Amino acid sequence: MNRRLVERLTEAAIATFLWSFRLVIVLVVVLGSFLTIVSGKYDLETWVRLAVTGASLGSVYALIALGYTMVYGILRMINFAHGEIFMGGAFAGYFTAVVLDDAGFLNYSPVTALISVAIMIVVAMAISTLLAVLVERLAYRPLRNTPRLVPLIAAIGASFFLQYTFRGFFGPGIYAYPGIDFLSQQAPIPLLTIRWVELLVIVAAVVMMTVLYLFVMRTRIGTAIRAVSEDKSTAALMGIDVNRSIVTTFAVGAAMAGAAGVLYALMFRQVTFFVGFIPGIKAFTAAVLGGIGNVPGAMLGGLFLGEIESIGPVLFLDGLGVPAPSQLKDVIAFTMLVLVLVFRPSGILGERVTKDRA
Amino acid sequence: MKFVRIGALGLAAMLALSACGQSAASPPADPLGVVTVPAGEAIKVAYWGVLSGADSTLGIDSQRGVEIAIDDREGKLLDHDIQLITEDGLCTPEGGATAAQKLAADTTLVALIGSACSDETQGGIKTLTDAGLTTLSPSNTRPAFTFEDRDATFDGYARTAHSDAFQGKAVAEFLYNEQGLRTAATIHDGSAYAEALQQVFTDEFIALGGEVLLQEAVSKGQTDMKPVLTSVAAANPDVLYFPVFIAEGGYIAAQAKEVAGLEDTLLIGSDGMFSPDFITAAGPAAEGMYLSSPNFSAFQDAYASFLDKHRTKYGEDPLSAFHAHAYDAANIVFDAIEAVAIQNDDGSIHIPKQALRDAIFATSDHQGLTGVLSCSPTGDCGAPLIAVYQVTSRETGGEWPPEAPVWPTE
Chain A
1 MNRRLVERLT EAAIATFLWS FRLVIVLVVV LGSFLTIVSG KYDLETWVRL
51 AVTGASLGSV YALIALGYTM VYGILRMINF AHGEIFMGGA FAGYFTAVVL
101 DDAGFLNYSP VTALISVAIM IVVAMAISTL LAVLVERLAY RPLRNTPRLV
151 PLIAAIGASF FLQYTFRGFF GPGIYAYPGI DFLSQQAPIP LLTIRWVELL
201 VIVAAVVMMT VLYLFVMRTR IGTAIRAVSE DKSTAALMGI DVNRSIVTTF
251 AVGAAMAGAA GVLYALMFRQ VTFFVGFIPG IKAFTAAVLG GIGNVPGAML
301 GGLFLGEIES IGPVLFLDGL GVPAPSQLKD VIAFTMLVLV LVFRPSGILG
351 ERVTKDRA
Chain B
1 MKFVRIGALG LAAMLALSAC GQSAASPPAD PLGVVTVPAG EAIKVAYWGV
51 LSGADSTLGI DSQRGVEIAI DDREGKLLDH DIQLITEDGL CTPEGGATAA
101 QKLAADTTLV ALIGSACSDE TQGGIKTLTD AGLTTLSPSN TRPAFTFEDR
151 DATFDGYART AHSDAFQGKA VAEFLYNEQG LRTAATIHDG SAYAEALQQV
201 FTDEFIALGG EVLLQEAVSK GQTDMKPVLT SVAAANPDVL YFPVFIAEGG
251 YIAAQAKEVA GLEDTLLIGS DGMFSPDFIT AAGPAAEGMY LSSPNFSAFQ
301 DAYASFLDKH RTKYGEDPLS AFHAHAYDAA NIVFDAIEAV AIQNDDGSIH
351 IPKQALRDAI FATSDHQGLT GVLSCSPTGD CGAPLIAVYQ VTSRETGGEW
401 PPEAPVWPTE
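Here the protein sequences line up with chains A and B, keeping their order.
Okay, so the first sequence: first residue is 1 according to my numbering, each after it adds one.
Okay, so the second sequence: first residue is 1 according to my numbering, each after it adds one.
The set of hints was computed from the structure by calculation and includes no laboratory data.
Note that the coordinates shown come from a computational prediction; the quantities given were computed from them, not determined experimentally.
Keep in mind that the hints are not guaranteed to be accurate.
[Stated by the list, open to error] A partial selection of chain B residues facing chain A, derived with a Cβ cut-off under 8 Å:
id	residue
1	T223
2	V228
3	T280
Beta carbons: idealized from backbone N, C-alpha and C, even for Gly.
Between the sequences and the hints, there should be enough to build the whole structure, so can you do that?
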């Protein structure tokens, strides 16, 4: 009787703590936002600008997150080397950009600038796909039937290997993309202060995600991938080439990441051997946020994370008088992750795996 | 008979012992211990600092200054070779702590030059001081390291770099008096260097009569600076001072041009960004901004021949701002070793560590490249002359360093 009472009290205490934690965060968010907006320090144009930056950054996260989510869907493993695939694409885009710049093609006119960007993206996608297929063949396929932890460690090892190989070849310094004058200019869109580069990133990402979605939903290979994701052995029994589906998944995810590498570098200019580390983690977070294994979820998670990072510090904390809120950008982003997972454990668009609360 | 024999034995024993005492010299007593360098072996000194990553130019630049100092002595000190070992501090407290532990574990190490970043010293100095070692930093500028009331963990620490108490003041004077600006905003990156420097600047700028509207911060490794720059733009300051390191500085400089409201704001950074890598990172957006740094024009005449030696040995101009300070630090250390080393007949030398530490701190009127240097009891050996340089199209076009400061003008 006593033990039962203690158990129930403990449960009640934990429940109270969890609920008060959620409540405090929601209060901070709501109160902070209210105070910031009411203070009138930032006008509507500023918020729109922040939202646009958040959307472009979020698009990059979404593209990378797609790779994570698709590989998890088909292999139930987190491909930690995916951030380095992204970095490989960024480097490939850099060298392409330098070649095009030296040839004078890059900055000749807006049209050539856009064609150059397209070439850079294609080259980056090719290199990233090559890297990912190699990693899959050498590091993951031999470990297909081992316990879940083993491919995870292999992925971390592959991540370090790629990072330091690139470091060995290209050194630890900063490589900066040549400036593309056309892209730095404001795009003439009414009501929005958006530069061409941000517009390019958002449009390119949306186009690629749409293509990917159609690929996964409407083509035979896409259906095969979904079948293998659902049940590998049954799919094999149905005559689906499992290996080919897996390699295709890696290739497609890597292509997205490679393009994301070029788009990210167009926005931020600097590329180093370590540039894939943090965006990789953020994109993985975004994939989990949207529901790991769920393709639209990854897109949504990426956009959500990008917007929170951009608008969050200013919106939530400025009104509360927190000094230097931008330093807490990552704190806010990951707290939002925790909050979303607390309320929806399988992510925003994930399936409810269990009926128990978190 | 028996007594004579005992006496003779005793005399023989005493003679033998004294003979031993001269050839296999017993080390002198020293509270921190003695490093014995056997005959034919090298005197080992270490350089520790950031040698990889975005800020590698800072550490490599200082390491080269030390190497040139060794070359100028033909690689020899007291008839022993000088061996330079290096450790990477990664410009973080954790990196500095790891590097310091590795170096402190080496009992044959005599002295150190370093670290490069103030964060590294913050993490590693306790280990070094406790091991009885002394380190002379060419580029740490955090003021608290050489305050009068610094605590005992810094007993083994001195520096030839200026303290940021001078640099923050110089920047404030430049902006208030020379440029006539009255409102400012600052951005730091949480590091020991940046946080202290922008605070000194803030205090001095306010003391002169200006107003600091906003003190913001970013994290190391942050790439998206638009939110923080939007906050700064909302405050609308005359000048934005961001004394951070190369990567973050590059992002801020590049993205400041993209944020509406900052078009008329003057941008200024400090010696953490004084490197051609920063110009690469920021791109054409860096044109027109200012950087504070040690005043190269105020260096001694011997600096010109140092530059020639650097170009001959490395094929390029120096990469950052503290190579001359590193050269001076190395020479102060070598002079101190020469002063306190006990040379034995068999060619070995004893270097007592407390005596070495005292000799370094007692340095006075050392003719260095950066000036005539004397060390204070709390380790300030630098000649703090700060200048402000402007990044013009010449620098963004690839020429480095800037030729002459815009302030002070002689």
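A quick look at each hint next to the structure:
With a least beta-carbon distance of about 5 Å to chain A, the hint placing B/T223 at the interface is held under the 8 Å criterion. Satisfaction of the interface hint for B/V228 is found here, the shortest Cβ-Cβ separation to chain A being roughly 4 Å, below the 8 Å cut-off. Given hint, B/T280 at the interface with chain A, holds; its Cβ is 5 Å from that chain's nearest Cβ, closer than 8 Å.
No hint from the list above goes unmet by this structure.
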